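Here is what each chain is made of, one letter per residue.
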Amino acid sequence: DTAVSQTPKYLVTQMGNDKSIKCEQNLGHDTMYWYKQDSKKFLKIMFSYNNKELIINETVPNRFSPKSPDKAHLNLHINSLELGDSAVYFCASSQRSGGAADTQYFGPGTRLTVL
Amino acid sequence: AQSVSQHNHHVILSEAASLELGCNYSYGGTVNLFWYVQYPGQHLQLLLKYFSGDPLVKGIKGFEAEFIKSKFSFNLRKPSVQWSDTAEYFCAVSASGGSYIPTFGRGTSLIVHP
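Chains A and B are the protein sequences, given in the same order.
Per the numbering used here, the first sequence starts with residue 17, numbered consecutively.
Per the numbering used here, the second sequence starts with residue 1058, numbered consecutively.
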């Protein structure tokens, strides 16, 4: 069984569209994250969501909105897509936020291409 | 807030060569330290981590890292690399007592020639 899964794996869309990426983890973790990896492989955290508490990264445009229907799912919705949003988006989870040395378990990534 | 620097952006080695990838962080408090690896086309996975105890940490696939507090460093080492070690390597730091959200370095691309 895949621990952290994301769909879709690839997403190609036009500028201005709205799209969503889904993430599910079956590890029983309380905390989930969204990361953005740009073309230079730089990995930057976007959001952390722990037991319904959302920690927002202030540098993320408000066109990005995470939605967590339950602690096993954290979806990412993006409005009005821009060229600069093209990247690989990784979902991750960890056992708890605030614990020592929590390991991040990453999903396979979603490669978003905005044309 | 903490920050992480990985000095080597691209490293090219031949098989059996020794490897050391540098990682320095800036944060005045207690930290948790990680190395993750991303093989071509795959997701990130944990190589090793340090949060307390012996500053020399052993990880999977023969990797190790040493936490030197006075130098704010957590360098990754492997005595003899293999072609299959070709990957991106990311150092990450999280602050104990804070949000525990890790900050990642920019990554080091390692290419090992057979």
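Because the hints were derived from the structure by calculation, they are not lab data.
Take the hints with a grain of salt, since some may be wrong.
As the list claims (entries may be wrong) - Stretch-level coverage of chain A by chain B, calculated; a stretch enters the list once three of its residues show a Cβ under 8 Å from a Cβ in chain B:
#: 1; region: 82-89
#: 2; region: 118-125
Said to hold, decoys possible - When the alpha-carbon atoms are kept at most 20 Å apart in a straight line, the in silico EDC-like pairs for lysine to aspartate or glutamate are as follows:
#: 3; chain 1: A; residue 1: Lys25; chain 2: A; residue 2: Glu69
#: 4; chain 1: A; residue 1: Lys56; chain 2: B; residue 2: Glu1145
#: 5; chain 1: A; residue 1: Lys52; chain 2: B; residue 2: Glu1145
Note that the structure is predicted; figures quoted are calculated from it, not measured.
Backbone N, C-alpha and C fix where the C-beta goes; we use that ideal spot for every residue, glycine too.
For each hint, the structure was consulted:
no., hint, in the structure
1, 82-89, "violated (count 0)"
2, 118-125, "holds (count 7)"
3, A/Lys25 with A/Glu69, "27 Å, violated"
4, A/Lys56 with B/Glu1145, "11 Å, holds"
5, A/Lys52 with B/Glu1145, "15 Å, holds"
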